[in-house]
Amino acid sequence: MPSLADTTRSGPGRLLIAVYGIFAIAATARSAVQIATRFGHAPLAFLLSAFAAAVYLVATAALAGVVDRRVAWAACGVELAGVLAVGAASLVAPAAFPEPTVWSGFGSGYGFVPLVLPVLGLLWLRHTGNAVRPQ
Amino acid sequence: MIPVLPTVLTVLALVAAAWSVLLAILDHPITLSTKPTLGLAVAVLTLEAGLVVQLIAGIVQVASTDRELETATFVGYLIGVVVVLPLGAFWSLAERSRWGAGVLAVACLSVPVMVLRMSQLWTAHA
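Taken in sequence, the protein lines are chains A and B.
Just so we're aligned: the first sequence equals residues 1 to 135 in this note's numbering.
Just so we're aligned: the second sequence equals residues 1 to 126 in this note's numbering.
Next up, chain A with everything else stripped away, as it sits in the complex (with noise of 0.2 Å):
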């Protein structure tokens, strides 16, 4: 019997944390370039990009099973509202952000993935959970 953590990574799961990866990667380097070159040019963008990177890096591997299940359901959490929240900040507010961030416009610069991704790894999240306590 697979235990929990190996059932998250296989399957669909393993598709998803690869592109969980991806944006960690991206966000992260990103985000750094952003800060080491020109952060007086926009703090709260920037500030906010390196906060989305943590994100996705604690999601990743939390989804992979290398810490704690229930750091998985925070970050994808936080990463939903994030979305959520900077998305509409940007729309309401957009002299707040003169430089884009992950999340603006909902994630509309990376085709929207930001903001699926939050919501594909809460539903996985709770489908494996139920696979393995089945009611």
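If you are wondering where the hints come from, they were derived from the structure by calculation, not from laboratory data.
Ideal Cβ placement from N, Cα and C applies to all residues, glycine included.
Be aware that a few hints might be false.
Far from chain B, by Cβ distances over 12 Å, these chain A residues were calculated [said to hold, decoys possible]: (1) Ser3; (2) Ala54; (3) Leu123.
Derived contacts from chain B toward chain A, CB cut-off under 8 Å, selection only [stated by the list, open to error]: (4) Leu22; (5) Ser64; (6) Thr65; (7) Glu68; (8) Leu69; (9) Ala72; (10) Gly80; (11) Pro86; (12) Gly88; (13) Trp99; (14) Gly100; (15) Gly102; (16) Val106; (17) Ala107; (18) Ser119; (19) Trp122.
Beta-carbon label-pair distances, calculated as ranges [to be verified]: (20) Arg38/A x Thr123/B: 17 to 23 Å; (21) Ile2/B x Ala36/A: 24 to 30 Å; (22) Val92/A x Val60/B: 43 to 49 Å.
With chain A held as given, fit chain B onto it using these hints.
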């Protein structure tokens, strides 16, 4: 950037991605013990070799160019595109189902995106 190489890398990556998608649809896991998966492995290795050539040539060009360039971002993409493919390949090999091929498809598709962004950065201030 070396002329033609970005185009070759893009085409090769799209072919490898399409190949992976086909394997996923046919429910053919990446085992490296069948001809279709070995062929795909050759394509991915060739792509990775091309990306390494691009990395070396790109760094030489960045060091010697006079043009205005977002150097950090450009070099980030040069390195990132070389790193993503092996990571995706290893992650896909451990999955003995169609989803392993799906992982490889996503990794391959990230290559043309990054090559495109690099080309845009390179020509931005030309």
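Hint check results:
{"no.": "1", "hint": "Ser3", "result": "holds (15 Å)"}
{"no.": "2", "hint": "Ala54", "result": "holds (18 Å)"}
{"no.": "3", "hint": "Leu123", "result": "holds (16 Å)"}
{"no.": "4", "hint": "Leu22", "result": "violated (16 Å)"}
{"no.": "5", "hint": "Ser64", "result": "violated (21 Å)"}
{"no.": "6", "hint": "Thr65", "result": "violated (18 Å)"}
{"no.": "7", "hint": "Glu68", "result": "violated (13 Å)"}
{"no.": "8", "hint": "Leu69", "result": "violated (12 Å)"}
{"no.": "9", "hint": "Ala72", "result": "holds (5 Å)"}
{"no.": "10", "hint": "Gly80", "result": "holds (6 Å)"}
{"no.": "11", "hint": "Pro86", "result": "violated (12 Å)"}
{"no.": "12", "hint": "Gly88", "result": "holds (6 Å)"}
{"no.": "13", "hint": "Trp99", "result": "holds (5 Å)"}
{"no.": "14", "hint": "Gly100", "result": "holds (7 Å)"}
{"no.": "15", "hint": "Gly102", "result": "holds (4 Å)"}
{"no.": "16", "hint": "Val106", "result": "holds (5 Å)"}
{"no.": "17", "hint": "Ala107", "result": "holds (7 Å)"}
{"no.": "18", "hint": "Ser119", "result": "violated (17 Å)"}
{"no.": "19", "hint": "Trp122", "result": "violated (16 Å)"}
{"no.": "20", "hint": "Arg38/A x Thr123/B: 17 to 23 Å", "result": "holds (21 Å)"}
{"no.": "21", "hint": "Ile2/B x Ala36/A: 24 to 30 Å", "result": "holds (27 Å)"}
{"no.": "22", "hint": "Val92/A x Val60/B: 43 to 49 Å", "result": "holds (46 Å)"}
In summary, the numbered hints that this structure violates are 4, 5, 6, 7, 8, 11, 18 and 19.
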